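Engineer: Listed below, chain by chain, are the residues.
Number of protein chains: 2
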Amino acid sequence: MSVEMRTPIPVKEAIESVIQVVKHKEPFTLSVEESLNYILAEDVQATYDIPRFNKSPYDGFAINSQDSQGATGDNRIAFKVVDHIGAGTPSNVKLKNGEAVRIMTGAPIPDGADAVVMFEQTVENEHGFTIRKSFEQGENISFKGEECREQDIVLDKGQQINSGVIAVLATFGYQHVKVFQKPTVAIIATGSELVGPKDPLEPGKIRNSNGPMIEALCRDINIETTTYEIQEDNLQGCIDIVKKAMMQHDIVITTGGVSVGDFDYLPKVYEAIDAEVLFNKVQMRPGSVTTVAYKDNHILFGLSGNPSACYSGFHLFTKPAIQKMMAAQEIYPVIIEAILNEDFKKANPFTRFIRAKISFSNDGVYAAPSGFNKSNAVVAIVKSNGMIILPSGTRGYAEGDKVKVLLTDHQSYERALNL
Amino acid sequence: MSVEMRTPIPVKEAIESVIQVVKHKEPFTLSVEESLNYILAEDVQATYDIPRFNKSPYDGFAINSQDSQGATGDNRIAFKVVDHIGAGTPSNVKLKNGEAVRIMTGAPIPDGADAVVMFEQTVENEHGFTIRKSFEQGENISFKGEECREQDIVLDKGQQINSGVIAVLATFGYQHVKVFQKPTVAIIATGSELVGPKDPLEPGKIRNSNGPMIEALCRDINIETTTYEIQEDNLQGCIDIVKKAMMQHDIVITTGGVSVGDFDYLPKVYEAIDAEVLFNKVQMRPGSVTTVAYKDNHILFGLSGNPSACYSGFHLFTKPAIQKMMAAQEIYPVIIEAILNEDFKKANPFTRFIRAKISFSNDGVYAAPSGFNKSNAVVAIVKSNGMIILPSGTRGYAEGDKVKVLLTDHQSYERALNL
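Line by line, the protein sequences give chains A and B. When we follow the UniProt record's numbering, the leftmost residue of the first sequence carries the number 1, and every step to the right adds one. When we follow the UniProt record's numbering, the leftmost residue of the second sequence carries the number 1, and every step to the right adds one.
The hints are simulated quantities; they were obtained by calculation from the structure and are not laboratory data. Please note that the accuracy of each hint is not assured.
To be verified - Straight-line alpha carbon distances no greater than 27 Å define the calculated DSS-like cross-link-like pairs of lysine-lysine that follow:
#1 B:Lys157 - A:Lys383
#2 A:Lys144 - B:Lys345
#3 B:Lys243 - B:Lys25
#4 B:Lys345 - A:Lys345
#5 A:Lys12 - A:Lys295
#6 A:Lys345 - B:Lys144
#7 B:Lys80 - A:Lys402
#8 B:Lys357 - A:Lys12
#9 A:Lys281 - A:Lys12
#10 A:Lys357 - B:Lys157
#11 A:Lys157 - B:Lys198
#12 A:Lys243 - A:Lys268
Since the structure is predicted, the reported quantities are computational estimates derived from the model, not experimental observations.
Using the sequences and the hints, build the whole thing.
Structural biologist: Here's what the structure looks like:
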């Protein structure tokens, strides 16, 4: 048996090759209540102006500004209050000279009024109030349509439905919305060493942790998963289960079996099902053997069986693909600069991703490895909310150095990641 | 009628006053599958060492390092392969001199072996392989317990259950876990101007958007909500509904009715139910009249009826309180530095929070207001993933200035926010 030679490609190129083949899913219509986190498949128009009518942004008195001209501290001008309205109740009054309407925040400006005097700017008396300054036309008024006009596009196709979108849809009375379907994900843990949560732990065995971890990673981004039975290292069994999973899901994530070991059957599975392997070696540590294959709009992520490598592979490749399939615009991991909190002396022959705790403080952003840093580490993932990125060809990082860090709970528009 | 005078307190002090009164809820036990995002109410111990046994981190051959001493390019040492194991299958062989076991990643190191030779380091022949360098004891071995030992505390009480925690719990075979209950939230939109999504829009009316927005904000952090009927500005009705909501929920969020207008009944509601008002005026724009009150472990958030102010109030006060009640350690908003992408000329008499789009790029972090910047703006929330913070007493910010920004989808340990 000889060792298969693979050509490692740069991380950035690997990510782009995944993004390039992935297509978004078809749109469908669902109720606004169920739409949170989906991506809009249509532009949404304003069904009326916002504000819907000229309204008062303060509690005070609506006046005609002309009546206020000439008011000074020595020449206070008096107004008679002829009506009293709160939000939701238009006044039936049309102001005459010297008249005012007591008006609350959000209430429509009455006919004949063109300015609002705030309570603090008045001295009240029995029939009304006096003021000591003149007001301009339009002073203290929120004008009809000043935020947007009827028929304006207020939500763009491609926008993720967040709390603000929900507020806008509610504002305009929309009850249904057209969104892109989300991909569904199949999870298959492979490896004869793996047992389930309740199975006895025979010698040489470990419990499957990658499967539950990936379920959780998907749930974090509101993606449904189906977990298949753990697969022993058995070629025909793996082919059958991957085929079955592909028929039922857009994305099939396997863990383990992607290296060049004698029982690493995933490369043979891709061959057997005639999937195009986009790459099977990436210039990164851990997870250099991470493999992505593609067939008929289905994408197969062959993630490492080592938990830290599996975790990194998910964030670098699977999550952006999921985002693209659900038609999101922000599909790439967010990378920011941080100050290293610890020395990291090792050489980095490939780009190194270190599970890290990123802390945000008044002094700046800091990053420290979050625990034991090996491909097979699992506990180190717990305290990580990001990954330190050390470029290939570097070594000897010291506390205080500036480094790039990837935030695992953000996605970005930015394509040009220097990975 | 006279205007009630309120004393505005700094934002930071307001946040701290909320955090101070809030207590976490009681723990309970639930299945690991349901536990994502809850906070651990107990330390969790390793039930075995990780790695569980000495294992091979590579595909190659397990040897006794002593047999390799003296190997060079000119003096290659030969090994005979006597067994072949994959992960999950311990070898029954005990190595004798000059023997090796072909071993795959993750498989247990056989008896008598103390080093692993990677495939790339060998030349294979009919009965085995030769090597050209000597190996040290322990070379290329992942040692039993090198990540953690049995009975080590691997998860700390207070840790949020993320994908890494799920992986650790799965690794150790835990099927149930003790976590803190999450608070439940009641949402009550108040204001005679508000109508529901299907109601006709009479003059002076607008549709309730704050209620659905807050539901979505809570769902984003996996908190269940109950939405009550929209309340007209009616004192007794408001008292009754708030009382009812308090009996059923830990947190009651109202929108509207917190200012000093004639129909702003929330101050009177707090009085009527004998709740302690923590503050009713904050040195911030928008949302300066945001009010928080407290009674018998129930907390009442009187958020503004203006969408942008409501949104800001939720992120500044409600979200940290929810995090604390569910016993999270990371309860505060994350604040980082960004470069302003646009001029912002207005004066900032109070600390100003501007709904903003924060962009992460290779050049750095940029922030730009995400739309029309008024308290009652709603569309501007859509594109915001943060808020620009302009301190009180400042004015005349220009494009290129460094500013603090709050990331609305992160929480932090950091207490000392310079707000």
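Engineer: Decide, hint by hint, whether the structure agrees.
Structural biologist: Hint check:
no.: 1; hint: B:Lys157 - A:Lys383; result: holds, 13 Å
no.: 2; hint: A:Lys144 - B:Lys345; result: holds, 24 Å
no.: 3; hint: B:Lys243 - B:Lys25; result: holds, 20 Å
no.: 4; hint: B:Lys345 - A:Lys345; result: violated, 47 Å
no.: 5; hint: A:Lys12 - A:Lys295; result: holds, 22 Å
no.: 6; hint: A:Lys345 - B:Lys144; result: holds, 24 Å
no.: 7; hint: B:Lys80 - A:Lys402; result: violated, 50 Å
no.: 8; hint: B:Lys357 - A:Lys12; result: holds, 25 Å
no.: 9; hint: A:Lys281 - A:Lys12; result: holds, 13 Å
no.: 10; hint: A:Lys357 - B:Lys157; result: holds, 18 Å
no.: 11; hint: A:Lys157 - B:Lys198; result: holds, 24 Å
no.: 12; hint: A:Lys243 - A:Lys268; result: holds, 13 Å
Hints 4 and 7 from the earlier list are contradicted by this structure; the remaining hints agree with it.
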